[in-house]
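**Student:** Based on the hints, put chain B in the right spot on chain A.
As they're listed, the protein sequences go chains A and B.
Under the working numbering, the first sequence has 6 at position 6, and the numbering climbs by one with no breaks.
Under the working numbering, the second sequence has 1317 at position 317, and the numbering climbs by one with no breaks.
None of these hints come from the bench; they were simulated from the model.
All values derive from a computational prediction rather than experimental measurement.
Glycine included, each C-beta is placed from N, C-alpha and C at the ideal position.
Treat the hints with care, as some may be off.
Reference listing, derived: stretches of chain A covered by chain B, where coverage requires no fewer than 3 residues with Cβ under 8 Å from a Cβ of chain B [to be verified]: (1) 17–28; (2) 36–47; (3) 73–86.
Restraint ranges, calculated between C-beta atoms of paired labels, are given here [to be verified]: (4) Pro22/A <-> Ser1121/B: 23 to 29 Å; (5) Pro62/A <-> Ile1129/B: 43 to 49 Å; (6) Gly1014/B <-> Gln59/A: 40 to 46 Å; (7) Ala84/A <-> Trp1193/B: 47 to 53 Å; (8) Val1214/B <-> Thr75/A: 45 to 51 Å; (9) Gln59/A <-> Ala1278/B: 55 to 61 Å; (10) Gly1107/B <-> Trp24/A: 20 to 26 Å; (11) Pro22/A <-> Pro1038/B: 24 to 30 Å; (12) Trp24/A <-> Ser1121/B: 47 to 53 Å.
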Amino acid sequence: MSDRSGFSAQTLLVLAALCEQPQWCHGYALARQTGLKSGTLYPILIRLADRGLVEACWQDEPQPGRPRRHLYRLTAGGMAAAAAALAGPAEPAAQPGKRAPRPVPGAMARAVQQ
Amino acid sequence: MSGLGRAGAAAWRGAARLVPAGRRDWVEAIWAEAAEVPPGLRRLAWRAGGVRLIAREAVTVRRAGGLLLFAAAVAAAARAAWPGSSASLATPAERVDVVTMVLLLAGLPLLARWCLGPPDSRPARWLRIGCYAALLALLPARAAVERFSYTPPRGSAELRVYLLAGGTTQRVPGGSDIIILVVIGLYLGAILWMTSRRARIAPATLAAGVIAGVAFGLVMYTVAPLGLSKQATNPWLPGSDIDPLMLLAWLLLLGGPVAAAVVADRRYTAASSSPPPAGDRIRQTTVAALLTSMTGALFVTVAGFATTLAMIKAAWLRNWLYHGQHLLYGVRNLSANLKNAPAIAYSHQLTGSADTGAFFAMLIIFPLITLVLNIWVALSVWSGDAAAGRSDPRPGGGGPPGPEPAQDPPDGGRLAGLADADAGLAAALPGIYEPGPGIEQDPLVAAAPR
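Extracted from the complex, chain A is given alone in its bound form (with noise of 0.2 Å):
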């Protein structure tokens, strides 16, 4: 389901998300802020990697015994597109039998718009 936007209602999570930190900020973070699985959440940063709207690098200095982590954050124009995104009606309506997605929260999107 997308909003007049055209972003899904998991996508506009994951952009307010990367709006509040903005910050690198890790998979399993926002994955955590948003409440969604790994197999939803990738797909999504790997399409607004696409479009250009979100940035990824590795980490450079990772902590002892760990792998390095993939880093996130929007770009400019992911900045612009979420404010546009957030600014409109962003709470999803829940579908029957589905489980609605968290909503996003208003001061959230009230942060973008200033």
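**Tutor:** Positioned in the frame of chain A, the structure of chain B alone reads:
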């Protein structure tokens, strides 16, 4: 990291190689991130999401799946066509047929991929799949029909019919078998070439040829579901040359390729930004025309063999198609032997199976007719061009006077030159002058810094 963890990481890296190079980072990112997820079910679920991503992105897996499916289909067709008993007189010929067909079906695509490149459009891929499906269906159907034709029946009355109809007591692969294999190889090769990247055939051309071909094949099949058999007595198959269906078949045989060629040419010319070279247009029209007749012939052959096979097996279809007595036309003393129902039924079956040879004649004749038509049209156009070229005045020559100069258009030629003038102004005055509506802007001008 434990040994199990190292093995898991190695397996994951191996799986990541299945996805395109540009996507591997994402797969590795999921693995790296899994270390942050609490162990147990949640980490397992995280990695399961990674497996989903790999499955989604892995073109290699899809390709391998397609190859496996193809190999399974070839094996199933070969298994169905493979003669079960060496007692049958058709066994040696059938074995040669099956082995050669499998070699053709498996080898030619590899050769085509290597020499000509893979198909690069959806219609091309679907055309290949359709061609393969048709040939794979033809292989067991033809084997079953020929097995019936060359296996002497058990009943004495049926055996008399078989021998009267010229039933052979021995069959070895002969010239006709070789010709059929060559024709099928040519069909396969032509379809592989038409759908390859190197041939540069437009998807619209392929679509036009296939649609016209299927329409032609449907009409031909309605006219000749049993191989142009004059002995079929159903009123639906009168076999009359003035029957409207027969007329439609003739129209489509001669006009279908022409119509497909015209459509393909228009679509190809409309899709090109500048007038395409004559050679490209000839290639598109020739392919569209040939594809029409080839698709039609292949369609009617596969459907006809399937109908004949069904007619041999199913009494109700046999009785519906052949409810008359005048069968095996031209065979002397036959009517005296058609005394009982099994003999009559067998004569129907034998007639249908013997008439399937007409389908292979169609496979050869239909594309030949199209080729002859194409050459005739090309020669007509060429001779017309040559005649026009001779009437042109030669500079300095003493030929006939040239044509009158064309009259000025009513707008004084302003509209014709408007696009050029606009593009020139836009180049000279970047940022000041914008081309008018409805006039395409030169992309170089549009990209110039202002």
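**Student:** Work down the list of hints and note, for each, if the structure agrees.
**Tutor:** Status of each hint after checking the structure:
1. Coverage of the segment 17–28 of chain A by chain B holds [criterion: at least 3 residues with CB-CB distance below 8 Å; count 3].
2. Residue count for the segment 36–47 of chain A with a Cβ under 8 Å from a Cβ of chain B: 9. That meets the three needed, and the coverage hint holds.
3. Under a criterion of three residues with beta carbons nearer than 8 Å to beta carbons of chain B, the stated coverage of the segment 73–86 of chain A fails, only 0 such residues being counted.
4. About 43 Å separates the C-beta atoms of Pro22/A and Ser1121/B, a value inconsistent with the hinted range of 23 to 29 Å.
5. Separated by about 47 Å at the C-beta atoms, Pro62/A and Ile1129/B satisfy the suggested range of 43 to 49 Å.
6. Between Gly1014/B and Gln59/A the C-beta distance comes to about 23 Å, which lies outside the given range of 40 to 46 Å.
7. Range check, Ala84/A to Trp1193/B: about 49 Å between beta-carbon atoms, so the 47 to 53 Å window is met.
8. Taking 45 to 51 Å as the suggested C-beta distance range, the pair Val1214/B and Thr75/A conforms, at roughly 49 Å.
9. The hint said 55 to 61 Å for the Cβ distance between Gln59/A and Ala1278/B, and at roughly 59 Å that hint holds.
10. In this structure the hint that Gly1107/B and Trp24/A lie 20 to 26 Å apart at CB is violated, the actual value being about 53 Å.
11. For Pro22/A and Pro1038/B, the hinted distance range of 24 to 30 Å is satisfied, since their beta carbons lie about 27 Å from each other.
12. In this structure, Trp24/A and Ser1121/B break the distance hint of 47 to 53 Å, their C-beta atoms being roughly 41 Å apart.
Going through the hint list in order, the structure does not satisfy hints 3, 4, 6, 10, 12.
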